[in-house]
Amino acid sequence: MIPEAPEFALPQSKDALQSRRGALITLEGGEGVGKSTQLRLIVDQLRRAGFEAIATREPGGSPGAEILRQTLLSGVLKPLGSAAEALLFAAARIDHIDVTIEPALAAGVFVVSDRFSDSTRAYQGALGSLDPRFLRALERITLGSLRPDLTLVLDLPAQTGLARAARRRGPEEASDRFEGESLRFHESLRAAFLEIATAEPERCVVIDAGQPEAAVTRAIWDAISLRLLKGRVQESADSSVHGIFSQTASALGDCAEGAPVHGG
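Position 35 of the sequence shown, counted from 1, bears residue number 35 in our numbering, the numbering being contiguous throughout.
Simulated from the structure, these hints should not be mistaken for laboratory data.
All figures in this text were calculated on a predicted structure; none of them were measured in a lab.
Ideal placement from N, C-alpha and C gives every residue a C-beta, glycine not left out.
Check before you lean on any hint, since a few could be wrong.
Label-pair ranges, simulated between beta-carbon atoms [stated by the list, open to error]:
1. Leu183 x Ser145: 25 to 31 Å
2. Arg167 x Ser145: 38 to 44 Å
3. Arg203 x Leu80: 29 to 35 Å
4. Gly81 x Ala107: 27 to 33 Å
5. Leu77 x Ala191: 21 to 27 Å
6. Leu87 x Asp222: 24 to 30 Å
7. Pro157 x Ala107: 37 to 43 Å
8. Thr198 x Pro79: 20 to 26 Å
9. Arg140 x Thr198: 18 to 24 Å
10. Ile141 x Ala215: 36 to 42 Å
Produce the complete structure using the sequences and hints provided.
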């Protein structure tokens with residue numbers, strides 16, 4: 001469960017690694033691509049590598065945003081227009097940023113989020129009911145100067161992802177607001193995420209989520225190591241940066257091989 005009001009005090013022993021602002025890593029993709037499992041593994045391994053890290057999610061991630069999450073995903077707002085729904089997602093995101101993300105980043109913490117602003121662009125784009133200019137303006141207002149430092153787009157054919165999501169839920173549990181949409185919607189959703197990744201390669205890395213889970217985990221850690229960590233780790237006489245990354249990637253793979261697929 002995501003803490004409602006996390007404390008972001010850092011141990012003094014980690015000053016060498018926490019000497020700058022934290023980083024925001026976001027996990028994106030369609031239903032059932034495995035974000036929840038990978039989120040946990042990323043946070044665990046960042047901590048093992050000596051970094052302070054927290055897990056969060058959208059919609060949600062703060063007390064106010066979690067209340068909005070329950071409403072947004074329940075389906076009770078379907079009678080609302082798309083613009084009104086997008087504004088509610090934006091309200092949840094603003095609270096999430098103000099209460100959880102920005103304080104953590106300012107304290108040098110790595111924030112790893114299951115979904116962020118790209119999900120609004122992709123989901124609303126797949127629904128096709130809002131002017132892209134409206135969505136871009138809403139994103140500018142909501143995020144201000146904040147942007148993810150790294151976005152990992154977990155990619156999987158829509159039908160495969162939906163089957164995974166159904167297995168994760170079990171026969172007695174109802175699908176949420178978006179899982180219940182048509183296959184055509186989910187195919188459009190996948191295309192929207194890939195379009196975002198293609199347009200912003202400096203920020204986004206596409207990960208093939210159809211690989212064995214350990215391979216997915218290693219690909220994710222390679223991207224994090226290459227793009228975010230090398231400049232933050234101080235080399236010493238007995239431990240090279242490359243060695244730290246190689247050992248951590250190996251440990252991540254070992255963890256993933258024994259972990260179940262949770263979807264997400």
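Unmet hints by their number, sorted upward, for this structure
Violated hints: 1, 4, 6 and 8; rest satisfied.
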